[in-house]
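J.: According to our numbering, the sequence shown holds residues 1 to 507 in order.
Hints listed in this document are in silico derivations from the structure and should not be mistaken for laboratory results. Every residue, glycine too, gets a C-beta built ideally from N, C-alpha and C. Be careful, since some hints might not be right.
Said to hold, decoys possible - Derived CB-CB ranges, DEER-like: (1) R400 - G449: 30 to 36 angstroms; (2) N271 - P323: 22 to 28 angstroms; (3) T249 - I337: 49 to 55 angstroms.
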Amino acid sequence: MSFGEDPHDLELARRFRHRSILLFIILATLPCYIVGGILLGVAPDDDDVSGNAPTDLPPPGQRTDIAITITGTVTSTATGTLQASDTPGALRSTPRQFVPSTATPFPTQRLPTSTDAPTATTRPTATTEDPPENRAPVFDSAPGDRTLRVGEVGTVTLQFTDPDGDPVSFTASSDAPAIAEVSAFGESAFDVTAVAAGSATITVTLEDDQGGVTSAQFLVTVEASNPVNNPPVFESEPTDLTVNVGQSTTVTISTSDPDDDPVSLAVSSANPAVATATRIDDTSFSVQGIAAGGTTVTINLSDGQGGTASRTINVTVNAGPPPNRNPVFVVEPLPIIIPEGDSDIILLEINDPDGDPVTMTVTSANPGIATTTKIDNTSFTVQGVAVGETTTTIRLNDGRGGITTEVVPITVQAPAANNPPQFTTPPGDLSVATGATTTVTLNFSDPDGDPVSFSLTVGNTGIATATKTGDSTFTVTGVSTGSTTVTITLNDGQGGTANATITVTVT
């Protein structure tokens with residue numbers, strides 16, 4: 001389309017070019033999904049196109065400003081660029097750029113003039129993939145309320161992370177700086193200074209570099225710097241003491257403080273020549289009896305804030321106990337004589353004049369000849385190991401320093417020759433009917449006092465049987481007519497034996 005040099009024609013050409021530019025803007029911003037209306041402030045009314053040039057338009061060649069208002073929601077990352085010029089024959093706008101806050105701009109492209117037909121190659125390229133949604137940083141643990149006293153400075157340490165791994169910064173502010181003031185920021189901590197009594201809310205805000213924000217609040221209560229102090233108290237009243245000369249006893253004190261102040265303890269004796277008092281820690285002390293008599297001990301408590309409490313107890317020191325007396329053997333132990341290989345139990349009679357419990361120990365001087373083994377505090381065993389002589393030491397201890405020792409000789413002799421057991425009354429022959437049973441009682445003894453056992457041997461069990469029924473009795477039962485023998489053998493367990501044979505007749 002072309003126009004003559006008539007001013008009216010030139011004006012119509014300018015209006016046509018304005019509308020061409022508007023059409024290109026609409027086509028270029030369609031990928032951005034702009035919702036809204038586009039208003040063109042310079043569009044003329046229909047009745048302005050007449051034979052006379054409008055009086056509200058600037059003359060040809062003069063700069064004209066075009067105001068464009070775009071409304072809507074940006075859902076794309078595309079950008080576009082317009083250019084305009086008032087050079088006759090090619091109208092181009094001054095450079096302008098629209099970049100949404102979440103978009104990445106792309107290079108400016110030249111827009112077509114009125115003599116160029118818009119084509120696909122003259123349109124800007126739009127990006128259709130949306131960036132991932134940013135997640136705000138979070139507190140791993142929210143800061144808790146705290147109480148400070150005027151003039152006190154408390155440090156608040158924050159624990160936070162960002163789900164996207166973005167760097168996180170924080171700010172903190174007080175809604176009442178005249179009560180609690182925020183100061184001295186670090187990478188993840190800040191200080192709160194207690195200025196005046198009252199309470200203040202501290203707001204902590206986390207922000208990542210993508211605009212994600214999270215906030216948390218906590219309360220700071222500021223107390224007066226000098227509250228009324230309460231003195232410490234005795235949880236239980238200390239009681240009077242009685243000790244002996246030379247004796248020491250420990251006293252434990254239970255205390256508390258209403259303000260939770262640490263409580264210290266001090267003690268003093270009114271007469272250290274009678275009894276001394278020594279602090280062990282803040283809950284205990286010891287009292288030592290020095291001389292017979294009486295005195296007092298004062299117990300003082302302090303909370304370090306001016307609060308004190310005290311108690312005084314009476315201490316009585318008795319004269320020391322009488323000197324300790326050693327334990328004694330009521331019956332002196334006798335020399336021990338034992339055969340080689342034998343053992344014997346030795347019983348002791350002991351006593352302590354003060355009634356103290358006595359502990360006994362026993363030790364052999366030569367265990368290769370005889371061993372001694374404690375059974376309890378009044379008895380022990382002796383074992384003859386080899387022929388010879390040795391001693392054993394018996395030691396008594398009352399636990400209070402009293403000790404008595406006795407050395408007892410031990411003689412181990414060669415064992416005496418063994419004497420076999422013997423029948424006191426020899427058993428006689430028997431007569432028993434077939435199927436009948438009779439009981440036989442034996443009479444025997446051992447010259448050495450060894451225990452004796454016996455056994456039975458039947459010559460022909462088809463005629464008679466013999467069965468042991470006790471330590472010295474047995475029975476004989478007739479089986480069939482005839483005669484046989486029963487042999488009785490005595491044994492003392494030391495190698496000594498004795499035999500007797502009887503005849504059994506079965507009828």
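J.: Does each hint fit the structure? Answer for all of them.
T.: Consistency of the hints with the structure:
1. R400 - G449: 30 to 36 angstroms: The hinted range 30 to 36 angstroms is violated for R400 and G449, with Cβ atoms some 45 angstroms apart.
2. N271 - P323: 22 to 28 angstroms: Given about 26 angstroms between the Cβ atoms, the range holds.
3. T249 - I337: 49 to 55 angstroms: Hint holds: Cβ distance 53 angstroms, inside 49 to 55 angstroms.
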